[in-house]
Amino acid sequence: MEYKAPVEAYTGVVREVTIGKGKKSLKIGGENILPFHFFDQGSNPNPVKFALEVLDMEPQDWPEHLTQPFKDVLTDPVKWAKKCEELGADAVFLRLVSTDPAVKDSSADGAAVMAKKVAEAINIPLIIYGSGDDKKDAEVLPKVAEACDGMNLLIGPVQKENYEIVGRALLEHGHNASALSPLDINLLKELNVKLSKFFPSDRIVIDSLSSALGYGMEYSFSLMERVKQIGVITKDSMTMMPIIANLGAECWKTKQAKETKEQGLLWEGLTALSLLLAGANILVLRHPETLKLIKETIEAR
Amino acid sequence: MVIIGENIHVIAQAISTALRERDAKVIQDLAKAQAEAGAGYIDLNVGPMKKDPEETMQWLVNAVQEATDLPLSIDTLNPVAMEAGLKACKRKPLLNSASGKSLSKEQMLPLAQKYNCDVVISVMTDKGMPPDVESKVDSIMSTVDHANGLGIPNEDIWVDPILLPIGTAGEGQRFTVLNLEFIKILEDVLPGVKSTVGLSNTSNGVPDQLRPPLNRTYLVMLERNRLYSAIADPLDKELMNLTRGGMPEIVELIYKTMDGENIDLSSLSQKEIEYVKTAKVLMGETLYSDAWLES
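Chains A and B, in that order, are what the protein sequence lines are. Numbering follows the working numbering, in which position 105 of the first sequence is assigned residue number 105; successive positions increment by one, without gaps. Numbering follows the working numbering, in which position 293 of the second sequence is assigned residue number 293; successive positions increment by one, without gaps.
Derived from the structure by calculation, the hints contain no laboratory data. Treat the hints with caution; some may be incorrect.
In silico lysine-lysine, DSSO-like type, Cα no more than 27 angstroms apart, as pairs [what the hints assert, rightly or not]:
{"no.": "1", "chain 1": "A", "residue 1": "LYS197", "chain 2": "B", "residue 2": "LYS271"}
{"no.": "2", "chain 1": "A", "residue 1": "LYS27", "chain 2": "A", "residue 2": "LYS261"}
{"no.": "3", "chain 1": "B", "residue 1": "LYS50", "chain 2": "B", "residue 2": "LYS114"}
{"no.": "4", "chain 1": "A", "residue 1": "LYS235", "chain 2": "B", "residue 2": "LYS277"}
{"no.": "5", "chain 1": "B", "residue 1": "LYS51", "chain 2": "B", "residue 2": "LYS87"}
{"no.": "6", "chain 1": "B", "residue 1": "LYS92", "chain 2": "B", "residue 2": "LYS127"}
{"no.": "7", "chain 1": "A", "residue 1": "LYS24", "chain 2": "A", "residue 2": "LYS104"}
{"no.": "8", "chain 1": "B", "residue 1": "LYS105", "chain 2": "B", "residue 2": "LYS51"}
{"no.": "9", "chain 1": "A", "residue 1": "LYS292", "chain 2": "A", "residue 2": "LYS261"}
{"no.": "10", "chain 1": "B", "residue 1": "LYS277", "chain 2": "A", "residue 2": "LYS160"}
{"no.": "11", "chain 1": "B", "residue 1": "LYS50", "chain 2": "B", "residue 2": "LYS87"}
{"no.": "12", "chain 1": "A", "residue 1": "LYS197", "chain 2": "B", "residue 2": "LYS277"}
{"no.": "13", "chain 1": "A", "residue 1": "LYS197", "chain 2": "B", "residue 2": "LYS280"}
{"no.": "14", "chain 1": "B", "residue 1": "LYS114", "chain 2": "B", "residue 2": "LYS101"}
{"no.": "15", "chain 1": "B", "residue 1": "LYS280", "chain 2": "B", "residue 2": "LYS256"}
{"no.": "16", "chain 1": "A", "residue 1": "LYS261", "chain 2": "A", "residue 2": "LYS79"}
{"no.": "17", "chain 1": "A", "residue 1": "LYS197", "chain 2": "A", "residue 2": "LYS258"}
{"no.": "18", "chain 1": "A", "residue 1": "LYS104", "chain 2": "A", "residue 2": "LYS116"}
{"no.": "19", "chain 1": "B", "residue 1": "LYS280", "chain 2": "A", "residue 2": "LYS160"}
{"no.": "20", "chain 1": "A", "residue 1": "LYS235", "chain 2": "B", "residue 2": "LYS256"}
{"no.": "21", "chain 1": "A", "residue 1": "LYS235", "chain 2": "B", "residue 2": "LYS50"}
{"no.": "22", "chain 1": "A", "residue 1": "LYS79", "chain 2": "A", "residue 2": "LYS160"}
{"no.": "23", "chain 1": "A", "residue 1": "LYS27", "chain 2": "A", "residue 2": "LYS71"}
{"no.": "24", "chain 1": "A", "residue 1": "LYS104", "chain 2": "A", "residue 2": "LYS253"}
{"no.": "25", "chain 1": "A", "residue 1": "LYS258", "chain 2": "A", "residue 2": "LYS104"}
{"no.": "26", "chain 1": "A", "residue 1": "LYS253", "chain 2": "A", "residue 2": "LYS292"}
{"no.": "27", "chain 1": "B", "residue 1": "LYS271", "chain 2": "A", "residue 2": "LYS235"}
Given the structure is predicted, the values throughout are model-derived calculations rather than measurements.
Chain A extracted, bound-state conformation (with noise of 0.2 angstroms):
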């Protein structure tokens, strides 16, 4: 008997979501396969995007093998992004750490001025994520997304907690929303759920929290994987957003990355490739080096 391979085809379809305008814009999702899935019916018409990430402080707890690739940018926050560009990101991910009130809390003005120079500044699109503190996000993400109007930005950590007026001020001045919750798909559903009240479900991203290897890498492996296949398979509307997969930070926090650099690279790398397979459709990482191996890698060079 003649063997005929299984094919799948899907009718799930992730939706396409645009960051950025014109010439400075990227597209992520589309796809209507699992991912790298390439032998089934379908595609996936916008291949994984990076991002290198930028603080809008000088970093505080970064091994020199870090600092190294940016060391004359670190104070200026748009030379950084633009370093970031020169060194082939698909887009620059600006993280407003100094606003944190366990930073330096510093004002939600400020944010947005240096954010809309940021914007200005750089040939490719922007994310912008706030502190993460949910109360000062509230404040600083609003301002930052009236100073970028009509930049249709990417814009997060909208949270459980302040989705409400933060998916407001994007929606008022033309933003994507980033939506985090922590590794729990129930609870990411829920906030798509309530987001999408009044907010257009294809200007949503899903942030399902990036672990970095061996600080719990896997529950971002199975749940990013089981958010594609919920979305892809069985066609849910509120899992069927592009993933973005914030791990630099959270790989760069570890002691193994800070030891040596070939560690730090690996260690980012790894988790990257992992999260890639699982399904993310754009990855936030730190390191140049990081960004180059992995690119190499998926192009099988």
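On the provided structure of chain A, position chain B as indicated by the hints.
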């Protein structure tokens, strides 16, 4: 469907105070209310009972028996309190509960034989909670075999599959589905045994106002698969109405959802839509979230 009234529960502050102060009225009122609402048993959940287990249990059983003639379900992990309770019962009580754990086999199961009572036996073993239908069947068969050896007949055994909250670590739905399956095949693997579940456990952790729809829908689904009894809230009128044949259209709709029939939601009332959506999450057909009625 036999409803074992769950409301006399030591976690409720009023009950805990009444027990401590020997205030019979609070407890008797609750027993009467449950009896009037149609409960078949009154569950007396007293927790571990560290202080005066014998005397307290005896007092409680007598107080409740003054208020109602219903048989009692003695619900404690403390074997001393358990024995005192069983001894004081006028009607054949329900020992709630034993399991396949060594300690339970040593301490609880012999009591069921000694007092010739009905006994709830859960699928738990020393290894913990069996993770799938097959291992649940294996462990309950082994424990029931042990109980038979002690002289407890299948007819006196009420098997409890242990329900887990639907929101458990993102995989509670797997358990709602496999427990439905387990209940469905139970009578075939252990002829003559009865079954029971701690119904409200399914909705544990869900916002309070959203718990009743889950409990009600799940009970209808389990009943269809031949569930014999449930520890549940008889004061939930809609729940009782559903199991007493008062809402045949809703039951029909839940069955259709279980059968995977295509249901046109646009022709249904808000309440009917909610039952369909709830049945779908309990079937594992749509991913659960606390916003399941809204999406």
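Structure-based check of all given hints:
1. A:LYS197 <-> B:LYS271: holds, 21 angstroms
2. A:LYS27 <-> A:LYS261: Given pair A:LYS27, A:LYS261 is violated - Cα atoms ~32 angstroms apart, limit 27 angstroms.
3. B:LYS50 <-> B:LYS114: Satisfied, since the Cα-Cα distance of roughly 24 angstroms is no more than 27 angstroms.
4. A:LYS235 <-> B:LYS277: holds, 16 angstroms
5. B:LYS51 <-> B:LYS87: holds, 19 angstroms
6. B:LYS92 <-> B:LYS127: violated, 32 angstroms
7. A:LYS24 <-> A:LYS104: violated, 31 angstroms
8. B:LYS105 <-> B:LYS51: holds, 24 angstroms
9. A:LYS292 <-> A:LYS261: Holds - the C-alpha atoms of A:LYS261 and A:LYS292 are around 15 angstroms apart, at most 27 angstroms.
10. B:LYS277 <-> A:LYS160: holds, 23 angstroms
11. B:LYS50 <-> B:LYS87: holds, 19 angstroms
12. A:LYS197 <-> B:LYS277: holds, 18 angstroms
13. A:LYS197 <-> B:LYS280: holds, 21 angstroms
14. B:LYS114 <-> B:LYS101: Given that 27 angstroms is the threshold and the Cα spacing comes to 19 angstroms, the pair holds.
15. B:LYS280 <-> B:LYS256: holds, 11 angstroms
16. A:LYS261 <-> A:LYS79: Satisfied, since the Cα-Cα distance of roughly 24 angstroms is no more than 27 angstroms.
17. A:LYS197 <-> A:LYS258: violated, 43 angstroms
18. A:LYS104 <-> A:LYS116: holds, 20 angstroms
19. B:LYS280 <-> A:LYS160: Holds: B:LYS280 and A:LYS160 sit about 25 angstroms apart, inside 27 angstroms.
20. A:LYS235 <-> B:LYS256: holds, 21 angstroms
21. A:LYS235 <-> B:LYS50: violated, 52 angstroms
22. A:LYS79 <-> A:LYS160: With a Cα-Cα distance of about 34 angstroms, the restraint between A:LYS79 and A:LYS160 is violated, given a limit of 27 angstroms.
23. A:LYS27 <-> A:LYS71: Distance of about 31 angstroms is beyond 27 angstroms: violated.
24. A:LYS104 <-> A:LYS253: Holds, at roughly 19 angstroms.
25. A:LYS258 <-> A:LYS104: Holds, because 24 angstroms separates the two Cα atoms, which is no more than 27 angstroms.
26. A:LYS253 <-> A:LYS292: holds, 21 angstroms
27. B:LYS271 <-> A:LYS235: Given that 27 angstroms is the threshold and the Cα spacing comes to 25 angstroms, the pair holds.
Checked against the numbered hints given earlier, this structure breaks hints 2, 6, 7, 17, 21, 22, 23; the rest are met.
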